[in-house]
Structures are given as structure tokens and as C-alpha cells.
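Asks: Order-wise, the sequence lines are chains A, B and C.
Residues 2 to 239 (the working numbering) are what the first sequence spells out, left to right.
Residues 71 to 459 (the working numbering) are what the second sequence spells out, left to right.
Residues 907 to 1247 (the working numbering) are what the third sequence spells out, left to right.
Worth flagging that the hints you see were computed from the coordinates, not collected in a lab.
Just so you know, these numbers come straight off a predicted model, no measurement behind them.
Watch out, some of these pointers could steer you wrong.
[As the list claims (entries may be wrong)] Derived list of chain B stretches under chain A, where covered just means 3 residues or more per stretch with a C-beta under 8 Å from a C-beta of chain A:
#1 127-138
#2 325-338
#3 420-427
[As the list claims (entries may be wrong)] Keeping only pairs whose Cα atoms sit at most 27 Å apart, straight-line, the calculated DSS-like set for lysine-lysine is:
#4 A:K210 to B:K142
#5 A:K196 to B:K128
#6 C:K1046 to C:K976
#7 B:K333 to B:K253
#8 C:K1046 to B:K120
#9 A:K196 to A:K210
#10 B:K120 to B:K253
#11 B:K419 to A:K210
#12 A:K196 to B:K142
#13 B:K333 to A:K196
#14 A:K64 to B:K419
#15 B:K333 to B:K265
#16 B:K386 to A:K210
#17 B:K419 to A:K196
#18 C:K1046 to B:K128
[To be verified] Computed from the model, here is a short list of chain B residues facing chain A with C-beta under 10 Å:
#19 V318
#20 W320
#21 D370
#22 W393
Note that CB positions come from ideal geometry on N, CA and C, so glycine has one too.
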Amino acid sequence: MSSADPAGGGTGSTTATEDRQQALLEDLTTRLGDAVVGSHIRSSDLWVRVRPDAWLRAARECKAMGFEYFCYLSGIDWLPHTWPNPKVIEGVLPDADDEAALPVDENAVEEVEVEEPAAGGGIVTGYAGGDTRFQVLARLYSTIRHIGVTLKADLDDVTPSIDSWTSEFPGADWCERETWEMYGFDFAGHPNLIKLYLPGEFEGFPMRKDFPLLAREVKPWPGLVDVEQFPASYKSDD
Amino acid sequence: MAVTDQQRLSYIASQAADARLAVELQTEEMTLNLGPQHPATHGTLRIVAKLDGEQVVKADVICGYMHRGYEKLTEVRTYPQINTLINRIDWLSSFANEVPFILAAEDLMEIEAPPRAQWIRTLLFELSRIANITLFIGEMGVQLGAITPVFFAFRDREYVLNLIEEATGGRFHPNFDRIGGLKDDLPKGWIAETKQAMDRIRGYCDELENLLMGNEIFEARTRGVGVIPADVGLSYGLSGANIRASGVDWDLRRDAPSPLAWKELDWKVWTHPDGDSFARYWVRLQETREATKMVDQLLDGLPSGPIQAKVPRIIKVPAGEAWAHTENPLGEMGYYVVSQGGLGPFRVKIRSASFHNISIVPWLLKGVYVPDIITILSSLYFILGDIDR
Amino acid sequence: MFAVEIPYWQLTILKTVIVLSIIPAAAVVLGYVFLLKMMAHMQSRMGPMEPGGFHGWFQLIGDGIKFIQKEDIIPGEADRRVFAMAPLVVLISTFLLYVVVPAGPRLVVQNLDVGIFYALAVSSLGVIGVLMAGWASANKFALLGSLRAAGQLIAYELPLVLAVVGVVIQANTMSLQGIVHAQADGAIFGLSWFGNPFILTQLVGFGIFLAAAQAELTQTPFDMPVAESELVAGYMTEYSGFRFLFFFMAEFGTAFALSAIAATLYFGGWYQPFFKTGIMADVMGPVVLGAKIMLIAFLIFWIRFTFPRFREDQLQAFAWKFLIPLSLINIMATAVFKVVL
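Can you build the whole structure from these sequences, using the hints too?
Replies: Below, the structure written as C-alpha cells:
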């Protein structure tokens, strides 16, 4: 039992956190060698992308470095959205770029310039880069050093497969089962790769971007499209 | 972390159960199906236990009866809409679900809420912690056969829910947190009422301590039952009071950088070295009491000022990835938000605490008796919506 | 009896009707007073307040009517005849208990010479019904519950009998009427006005009796057979409608009967110091006995609402390692005092 330390790692010490993350990245790079293919440091976290064949080795090295807390493991599909993005539905939503169309709001400030996603169905990957459509990502944390790292690895587009972490972190068991059923990633060496959430006869991988969300096919944007006007807003001569 | 004798004995017992499974003794095993409709699982969790007499040889957890696919649903919603959705993950402390998601979005937008908003956030966060854990403290009694504590829990929790309702308009699903601040300021007279309610909750904690802690039967049912060594717990991803009860001195409120006001309060992280069900109960009880003290301090030091930072009317989050996690009543809750610059996120990974806390159950249930299944499940404390998301 | 001689067959019918009506009446009284009101107030709530007007007194009768209206469901896999009979077997064992309990000098159905022996014997008949219910339900929870009930009965029948042996030694008789008279005529420290209730000399025995009775009744902290958080409802899981009502009535009827036996053994039964014989003793007897029963039932239910439950192995250990040795010591001490004094 120890009392709270008001000085430790406050919000203001972003640069100190980034320094620690930098040191950690260097340590990881020396341990994993050329298996580290990409990295990114941002105030909230450290991202490291490793080669898929070094996925299990990365877990082992991290555990040896004191990252003994298994936070989560999941996947990501970088294929762009297949359903219409709300902002392209013409005339329904006030155009965000057209300030005049908006009701006057005194709190509104200059809008942050947003980078438009690349057009033409191209894949845009996130921090630490990526070469393929699928990525597996996992986060480890050290409860003593109070620092975490998000690991990523690229997976093959057609037969996504990677080593299982269950030998190092038994908690990865359920996470890998979930990722397997949701994304169709195969985890080599998993002792019991069966469905976790979905019914046994379910077909398809629902978290993949090309898996249609039926509710959205039928009714594209409830809440944005179908907002009924309040009775008071109808004019009397309507 | 030193491993106690109890932990060693429990480990040996589970090894013995393994060995028995391998040797296949002549006794006939019975498969007992606890759930999905069973009073102990308070929700639709299913546990399939292979029994030798009343001893569990092997147990499997089957979840997903309430899987709602939130991670998929977030991809077709705007940020304010998601805020409503994620209220339903851990439904006993809904406000605490909103905070890490909003923090992740604010991190990406590089907005920071004004201090008063941060303090009120912390205040509501701790109130929802109290609303959540008081129920656990009573619930544990009813799972062990003492029906009285749960009624005390409902009685006193009511006051906290009323407070949350007065401040946010919602008893269970406040949907009160906004990117860059809060929906509203606190109502008049709320601070005095809250202080009274906190006194009441402290009285409730004392009452429960008298009722259950000194009770020989309660101790006999919980001490040495479901011992989790610290390293095993960490590798399974256990967090919150479950891992602090195994002696790991780790609390994200103290240890993680956060814009919320925890750092400015004087409080204590409670740990217990035993790692058994009793330790988990004890830690949670102390945390509830600690939370009431934190609420008192927050009420005293509440800064004045605006409660909403300047944000664009239509919220568009710049491209990027962010991870925000907080110490929720059930454990670490985090959101990994990937944005590609639209009105909604590209991908949200929801790291919910109960999912990982329950994943240790198959390991933990080896070699225990049927009544201990109930003790272990209720001492690990899960909310089904937090497992199935 | 009552100056008018009633023919034997009429008397028998009268006695049967009275005893048969006692069981639902006892269930309603105990259920209402303790379950709906005392427990509710201990837990800071009201309990039912609407039915019947005054503090919801009609609630349990209404519940009874509801149970009778319900469909009588028998699971497809169940052994139908055994399943249907089991609640009756349990109820009969409760019914038989009332035969020997005296409510006044002449108010007893049958004053058996081995009254207490008979009472303890028939009280354990109920577990046959429980085993039948558990086995015939074709449900694993029910089976586990009924086996636990059987194991519990074997463990707790022993301290129950051994605790009673102390009273029997002191009273020199096994007839319950005789035990009441022994307490009425006895004296302690030269004071004979209120007799010698055995609670004063058999306090340890009373404690053991109460604990064992708690286990017989499958009340918390010994309610593993019906542990609702583990076994749903134990052997009663598959029962519904009036068969469930039978189990409910049997549970509370047995609680009432065992309280009556405890009141007779340790509190002097129907005896009060003012009217020792005559018609007034018969009139006052049921009232006094009823008051003593409510006192003991209060203890039983108070414990039930306060404690968590034991685990099965802890329960067995408590019986064999603590209660039985203690009751043997109690018998030895009683016997020694009996010989010495």
C-alpha cells in the first residue's frame, strides 16, 4: 500500500514521457534487430511494427523487458469503408465545409484542417506504417515502469496467419479466438482456436471492412438521415 | 511479489486436477452446465464444468450470448453517436465508459477540456465507481447465501444514482461527456447533497464490514479460494482490484498520465498480498471508501470556469491513432481509436476489463468445488456487457 | 374429553383435520411474520403492503391461490410417478411430526411413550421425498441438491438425537407430555414456581439442537441443498405450481414443528405457572406454546437472514468435528450430574 504520488508522470510531462518512449524504442530495436520495420511516437503511446515472423519473439523480448501485463490483442483491416460515408450524402447533412449553412455558434472555432483519405479505394495504413491490408496489433504494459507499447505486424492479404502468443501470454487465448472469428486471422500454435462470440455455424468474418452490415444496407444512416422535425418546427400553413 | 503458501497450495491443487484428467480415474465424470440462464452468472455467461463428485476437473467459459458487435457498430457512427453506444458496455458505471473514449478523441483533436470540466468528470467518474462497486459488495454476500447485504447495497446505491440523475439527467446511461467538456454544469444544491450521500456510503461500508468481514463463514468461504499469483494474473491481463488484490501496486488513476483530476487529490491505492477471493472483496471495499473521500475532496476543490472548450460544431477528428485508458470500476478500460479524418472513426478497439478478468476463469476453476465456482466468479466481478461488448 | 364423550371415529377425524390445517396455517404464519415482515424490515424494506389492506396480510394466501392455478409441469425426461409423489412424501413427514406434540394437558393427538424418538425418526423421512424429487427430476442441479440434502441429514441427525438425549436423561422419559410435566414439576435452586425449563440446564444441548434443526430445515447457513446461487433451487428446480407449494408448506411446516419440539423440550411446552391443570390449562396451552414457538422460530429465521452459507465440506466438518463431540460431552455431563444429584 502506497500513497498517491502527485509528482509522478503528470500531464505536463509529455516530453519526459516521449523521452522514455524513445529510450524504450531504442532498447527494443537493439533486442529485435532488423525485425523492427516501423515505429511511431506520439504523446499517448509508442507504436512499433515488427516483421510477422518476429511476432512471437517480440512478445518474448517484451516480456523479458518487464512488459508482463497483457492489455489486448486484436486486428485491423485497412480496406476503406464500403458503405457511404455520411459526408458524401448530398443535401442531408449540412456541409461541414460550408460554414454559412451552419447555425451560428459562438463556441465554434476555426475548424481543424482534415486530411482527406486517399480516393480510389487505396489502402491508407496508420502509425508505424504497413504494407498489407491486414494488421494484427497488441498492447503490452509494464506495471512497474508504467509505460506501454503497441505492437503491430503485417499479415498476408489472402491467407493471414501469424504465430500465437498463448505460450507467452495465456490471456491472448480469448483475444486470438475473437480476432480469428472476426477477421479470419489464423494463429499458428493456438491450442483451441474455436469461435468465442459467434454461433458455430456463422460464415464470414464480420469485422472485415468488406463484410456488409445489413442494417446499414437497408437504412443507410438512421439518426442522421431520418431525423424527424419537431412538431414546433413545421410551419402552420404546411 | 512474494508468492504465499496459499498460492503455492492452490497451484499444486490445480496441477493435481490436471494430472487426474490425464490419468482418467475410474469415477464417472459429470458435466454440469452453469448458465446461460443461471442465478450466479448475473447475465448470460455459460460455464461448462466437468465434475468429479463436486470437484471441478475442467471448466470452460462460453460467452457471446449478448454479443452486440460494438466494434463494428462504431465504424458506422459519428463520435457523439458512439458516446451513446458505449454507455451500454459496463452498464453499472456508464459514465466511466464514456471518459476514455472522449479522452482518445480529444487526444486526436488536440483539444483539452477546461479544468472545471475535468474535475466534474472525475467527480462523476468516482460516483459511478461507487454506484458500481457498492452493488458488488452486496452482491458477493448474496452469492454466498447471505441475502441481507444486497438489499443494503440497493438502498444506499439509490442515493448515488439520484445524484448522477440530478447532474446528468440519466440514472444508468448519462451520455453526459462531450468532446471538449461536458453537456452541462452541476445543478444547484448538488454539492451539499453529494456530501450527505458520501457519508451514507461510508456508513454502508462500515455496516458491510461488520456484517461480512468478521463473519467466520464468510472468511471460510473466501479465504484461500481462487488464489491468483501476481505474474499469472498479469499475463492473463487482469486489471483493477483483481490484480491489486494479488499485491500489484498499480492504479492507472495514479500511474498513467491523465487530464483528469486524480493527481491533485490525496488518496491511497489499496493492495492486498493474498490474491484470494477475500482479498478481492477487501480491496474493493476499501476502494469504495477511498472513492467517497476523493469525491469529498473534489467537491471542496472544484475550480470555477467554463465547462466546455471551443470545439467545431460538426466534430471531425483528424487522421491518426490514439490509445486512452482509465481505471474503471472493473479494471482497465481502454479505447484504441483509429481515425482517417471522417465524422466517425475508422476502427475502435474496445479493451474492456471484464473480458480479460474472466479469461482467467478456466485456469482458476481447476480443482475447486462447485460452491467455489460461485465464490470465484462473483469475487472476480464481471458485468456481462463488459465481456460481450 | 371436554366432559362430552365424543365417539372414537369422530375424534380421529377431528384430530386429523386439525393437524392437516395446522401445516398450511403454520406456513402462512411463519412465512408472513418472518419471511415477509421481519426479514423485510431487517433489510430496510417494507415487504408486501397492499394485498388485504393491513400490511399485506393476504399476500401469502394470494400466492397460494396463484400456485394452485398454475399448470402442473412435469419434465419430459422425469420419472413421472416418483416426481409427482415426492412432495407428498415430504409433506407427510411434516404431518406426522405434529402427532406427538402436546399443546395442553389433554390436547395431544397421540401421547406416545417414545414420543421424541418417534418425532426425530419421522422428521428424517422427509429426506426420502427430497431424494425422490432430486432423482426423478432428471436434472443435474436437482440431483446434486438432493444428494447434498441426504449427506447433510446423515451428518446432522446425529447431533440432533444426541442433544435430545441430554433432555431425556434429565426428564427420565421419552414421552413429550412426560417431558413437559418433568419441567413443570421440577425445581431449580429450590425455586419451583416456574418449574425447571430445561433451557437452564441444557443450554449447550439447546444450541446444538438449534444448529442441527437449522440444518434439517436446510436454512442458511446450511442451505446447500437449495443454494440458489449455485444449484438454482436444488431439488425443487423442476417443480412448479402446487407441487412447489407443497415443498414450501413442508419447509415452513417443519420449521414450525421443530420449533414446537424445541419449545417442548427446552421451554416447558404448553406449561405456564398459573394454570397447571384443568380446562384453563388446555385453553392457555396452545397460546403459550404458540408464543414459545414464535420465539424459537424467530431465532431460526434470524440466523437464516444473517449468515452466508457454508460449503459442503465445511458443513460436514462442522457437524463431525464440532457438534457431535460437543453433544457427547453434553450427555456425559448431564449423566454425571444426574447420578450425583
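Asks: Are the hints correct? Go through all of them and say.
Replies: Structure-based check of all given hints:
no.: 1; hint: 127-138; in the structure: holds (count 3)
no.: 2; hint: 325-338; in the structure: holds (count 12)
no.: 3; hint: 420-427; in the structure: holds (count 3)
no.: 4; hint: A:K210 to B:K142; in the structure: 9 Å, holds
no.: 5; hint: A:K196 to B:K128; in the structure: 19 Å, holds
no.: 6; hint: C:K1046 to C:K976; in the structure: 24 Å, holds
no.: 7; hint: B:K333 to B:K253; in the structure: 24 Å, holds
no.: 8; hint: C:K1046 to B:K120; in the structure: 12 Å, holds
no.: 9; hint: A:K196 to A:K210; in the structure: 19 Å, holds
no.: 10; hint: B:K120 to B:K253; in the structure: 51 Å, violated
no.: 11; hint: B:K419 to A:K210; in the structure: 14 Å, holds
no.: 12; hint: A:K196 to B:K142; in the structure: 17 Å, holds
no.: 13; hint: B:K333 to A:K196; in the structure: 42 Å, violated
no.: 14; hint: A:K64 to B:K419; in the structure: 23 Å, holds
no.: 15; hint: B:K333 to B:K265; in the structure: 21 Å, holds
no.: 16; hint: B:K386 to A:K210; in the structure: 21 Å, holds
no.: 17; hint: B:K419 to A:K196; in the structure: 19 Å, holds
no.: 18; hint: C:K1046 to B:K128; in the structure: 17 Å, holds
no.: 19; hint: V318; in the structure: 6 Å, holds
no.: 20; hint: W320; in the structure: 4 Å, holds
no.: 21; hint: D370; in the structure: 16 Å, violated
no.: 22; hint: W393; in the structure: 5 Å, holds
In summary, the structure is inconsistent with hints 10, 13, 21 from the numbered list given earlier, while agreeing with the others.
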